[in-house]
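Novice: Listed here are the chains, written in short residue letters.
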Amino acid sequence: MRLLLVEDDQALRDSLAQSMKDAGFVVDAVGDGEEGLYYGKEYPVDVAIIDLGLPGMSGMDLISNLRASELGFPILILTARDRWQDKVRGLEVGADDYVVKPFHTEEVLARINALLRRRGGWAESVFTAGPVTLDTRAQQVSVDGRAVDLTSYEYRVLEHLMINAGKVVSKTELTESIYEQDFERDSNVIEVFVGRLRRKLDPDNQIRPIETLRGRGYRFAIE
Amino acid sequence: MTGSLSARLLIAVSVVLALFFGATVVVLDLAFRHSAERAVEDRLDVQIFLLLAEAEPTGADTVLVPEDLPEPRFASPGSGLYGQINDASGELVWRSDSAVGVSLPMPASASVGEHIFFRSTLANDERVFVHTLMVEWEFDDGTSARYQFGVAESFEPYLAQVRRFRRQLFGWFAGLAVALVITLGFLLRWVLTPLRRIEQEIESVEAGTQAELSTQYPRELRGVTRNTNRLIHAERSRLERYRNTLGNLAHALKTPLAVIRSTLEQRDGVDTEVETQLRRIDDIMSYQLNRAAASGGITLGHKPVALTEVLPPLVRTLDKVYADKRPVCTLRIEDDADFYGDEGDFIEVAGNLLDNAYKYCDHQVIVSATAVIAADSPRPGLRLVVEDDGPGIPPELVATVMQRGVRGDERAEGQGIGLAVVREIVELAGGHVVIDRSPQGGARVSVTWGQGSAS
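If you read the protein sequences in the order shown, they are chains P and E. Per my numbering, the very first residue in the first sequence carries number 1; after that it's consecutive. Per my numbering, the very first residue in the second sequence carries number 1; after that it's consecutive.
Treat the hints with care, as some may be off.
Stated by the list, open to error - Here are some, though not all, of the chain E residues that point toward chain P, as calculated from beta-carbon distances under 7 angstroms:
1. A258
2. D268
3. D282
4. D283
5. P391
Hints listed in this document are in silico derivations from the structure and should not be mistaken for laboratory results. Here a beta-carbon is modelled for each residue, glycine too, at the ideal position from N, C-alpha and C.
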């Protein structure tokens, strides 16, 4: 999952970015609205955390600009102004939820996960598709009640595919959602991860959770 | 001094008019009576000379006066015109037929040729003007004798003349005064029209149907209207600037708090004591900043807040925030239910109440807004009721959640500062808050604005 964090206070940005990385997100952390808009437009962001009190382009303007660019990823507002007028304004220009400073990191994480979940059409924080269960809070996966041990990269790939269940996800998108750096992308790595996931989830080749669409990408195929 | 300007002006003008007209009437009356008296004197003078022309002295104490005098009134008794001639010793020599039984008072000490004019009362109580003339008559034989001619006329014609004059005078002046007062009344209305318009416009500004006073006023009033408008604008931008500053202050204070909390969380988990103190600081700041941002009910020139425009975005916001719970929120807004006050205040109050309702409800939230009759204001009041079907607020906790001022460590866990802020904002604007139980089973919070000083 790729997360865009726009917060002007460096200490808070670093600390929150670290917490989000620890939670398994690929984090782009920037300090102002212009940069935030650039990252939002140039990278396949899955979710954004935006502080409303930014210097230069305000958080409010950044959100409306992102929405005007038809970028629909969920946005969580961080605000110190806990007046309702500000909250309503923020959500009316296109944000999806807010957290008031000073926040608990757990709460931010819970809200982010809830936003991602709802975006994937999942009502619970535990995704269940046939025999496959993915708990986004515990970051645990099980098949038919049997825990499956995944590396964090494998988990991220599966989570991304399940959140976008039924949709085709390209290799590039998968790469960008699990790697932070813009390094030389080797699509073989994704193929390797998907191959391992298939073996771990479906050792007997019976449920076939992930489809390959040649030249286009992958799709999580269990209803 | 209070009362209306036009009443004061009308009273002042009436008093001045009454004094002026009164003085004029007195002076005119005096002048008229004086000249009427002079006319009587002149008339009597003429009568004396007529008598002189007709009379023929025949000796030292006899005078022959013909029976048929040119003035017929001398001949008829009680006609009001009397003639009399005395000799030098004051003895009666002749008296006209009209003067039978009355004796004219004649000052005997008069010198020859002296006219004397005076008022007197006759024996029959008739008041008269008397005119006498002392003459010396030379006879052919060289001797001479003195006679005193006297003529008197009753007051009656003079009084009738004065009465007639006064009647006419009062008639004319009364008519004139009435006409003047009526004209002045119209003039005052016209002159005071701009003032009346200012009064109406200020009422509209207060009621929020007008943003400021118009500029089409006479020169003398432009200063007042300009300064009033300046005051209205200053008040509005002051609140806006003030809120902005408070917002920046909140940002500047709470970001470091957020850093402290997240750093602590990362380093060694959450220390409960530090956490308690953090929450306390946060609560105090939120409460005081929100309280400071309340308008205090001063809302000159604000348009009434249309609830149909501000409540739906608030509900959409909360629907997003509570997307997992997604209670059914029913809005019942009466057509004439408008909030006459500051929009920020209203959203703050409604936001806190709805947030609580969403948080604690089972699956239903009902918001109703009705207009209420305001006690002493040109604007109607508003009652906003937010209820839910949750567990409700236990009666023994009602006082605590509404408590003014916040002691984070004393407040029960899970109780936001929302209701305390709501109460603060509402009471600053002269309203009041009541918490009880909803028929739905949960809490019901009723906020009423604009019902006088009820609290």
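Novice: So, for every hint listed, does it hold in this structure?
Specialist: Hints versus structure:
The interface hint given for A258/E is met, as the beta carbon of that residue sits about 4 angstroms from the closest beta carbon of chain P, less than 7 angstroms. Using the Cβ-Cβ criterion of 7 angstroms, the hint placing D268/E at the interface with chain P is not satisfied: the shortest such distance is roughly 14 angstroms. Checking D282/E against chain P by beta carbon gives a least distance of about 6 angstroms; that is within 7 angstroms, so the hint holds. Given the 7 angstroms rule on beta carbons, the hint for D283/E is violated: about 11 angstroms separates it from the nearest Cβ of chain P.
Checking P391/E against chain P: minimum C-beta separation of about 23 angstroms lies over 7 angstroms; hint violated.
When held up to the earlier numbered hints, the structure conflicts with 2, 4 and 5 and fits the remainder.
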